[in-house]
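**Q** Below, each chain spelled out in residue letters.
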Amino acid sequence: VRARRREIEAEVLEEIGFHLDLATRESVDAGMDPAAARAEAERRFGSVNEVLRGCVRAQMGEAIMLQKMNFVLVALLLAAVTFVGVILVQVRDETAALRAALAAPGLASPGLAAPASAAVPPPEQVRGPTVSLLGSVRRPGLYPYDPRRPLTLTKLIAQAGDFGQFATQSQIQITRRDQAGTPTFIDVDFGDILAGDRPDVRLEDGDLVYVPESVF
Amino acid sequence: MPKKKLDLVPGTLELLVLKVLTIGPMHGYAITRRLAQTSEEVVRVEEGSLYPALHRMAKRGWITAEWGASEANRRAKFYRLTARGRRQLEEKQAAWERMAGAIARVLASAFAEQGA
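Each protein sequence line maps, in turn, to chains U and Z.
In terms of this note's numbering, the first sequence opens at residue 700 and continues consecutively.
In terms of this note's numbering, the second sequence opens at residue 407 and continues consecutively.
Fair warning: there could be bad hints in the mix.
[To be verified] List of simulated lysine to aspartate or glutamate pairs, EDC-like, C-alpha gap at most 20 Å:
hint: 1; chain 1: Z; residue 1: K465; chain 2: Z; residue 2: E503
hint: 2; chain 1: U; residue 1: K854; chain 2: U; residue 2: D896
hint: 3; chain 1: Z; residue 1: K465; chain 2: U; residue 2: E706
hint: 4; chain 1: Z; residue 1: K465; chain 2: U; residue 2: D891
hint: 5; chain 1: Z; residue 1: K411; chain 2: U; residue 2: E741
hint: 6; chain 1: Z; residue 1: K425; chain 2: Z; residue 2: D413
hint: 7; chain 1: Z; residue 1: K465; chain 2: U; residue 2: E708
hint: 8; chain 1: Z; residue 1: K465; chain 2: U; residue 2: E710
[Claimed, not checked] Where chain U lies over chain Z, by a calculated footprint (3+ residues, C-beta under 8 Å):
hint: 9; region: 430-438
hint: 10; region: 451-457
hint: 11; region: 496-509
In short, the hints are calculated from the structure, not lab data.
Using N, Cα and C, we set each Cβ at its ideal position, and we do this for glycine too.
Work out the full structure, taking the sequences as your base and the hints as a guide.
**A** What follows is the structure, given as structure tokens:
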């Protein structure tokens, strides 16, 4: 296409040169100064570049259109290949991260219960009053309860390293038993505590805190 | 007093070029001069615009183009009317005459002027 375009342009330029020379000579023969005659011929002729473009378009309109379409298709193909490549790299990285997480000791499943941590003593080492924390938190387990230092739900979650990925924070359930073993159930929407709509829940010895999990 | 030059009616350049080429093969400059002379210098064409029109017509097969020697023995491209171009000329000329006649009839009619 490029070679054909150059060929057409060369021919048109030769035609234009011939045209301008004849027009100039005619004016000179009529008594005009050669320089003025040339300027007049060029003025009457108009834009050489526009004429060149017009002639190339007339001769090669379809070929130029096809070349442009070809260019656009190649660009789209490259963009698609790049996009697929980026997605594949991301999938590979995430798979590697997932494998590494699964290989970590103490992790039952990713994003749910979290790895065992030195911050939570094993149950057999816990002595005295405790609070049980179960469900979707990063470190579920038995947490020591010290009557001299009040423990709230917020502090307990903080000690557990935050909620799990799919924790339903609006439906936390606390089970508390009296001396006779009769249970009382307390439902807590953690968002209300965060928003200041309700006070933090003060926990007691033997409380069982359960954070349910849902992917919805 | 010289006549005032008029811009060519859009779409008529090809018609005029086809008509001029019925005389015989010509190069671009000769076509320009013939257009000016025949119209008694009334029709004004930006001379460069002739060439894309010539290339379009050659692409459509209305004319052919071939290099030859000019009067001054210089290489020049000559354009020649083809049979297809001749048919185009007849169609375009008939359409133009119908349109010009219709316009002339409207202008010549004696409508009563609408006074304000």
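**Q** Taking the earlier hints as the rules, which of them does this structure contradict?
**A** The structure conflicts with hints 1, 4 and 11, although it agrees with all the remaining ones.
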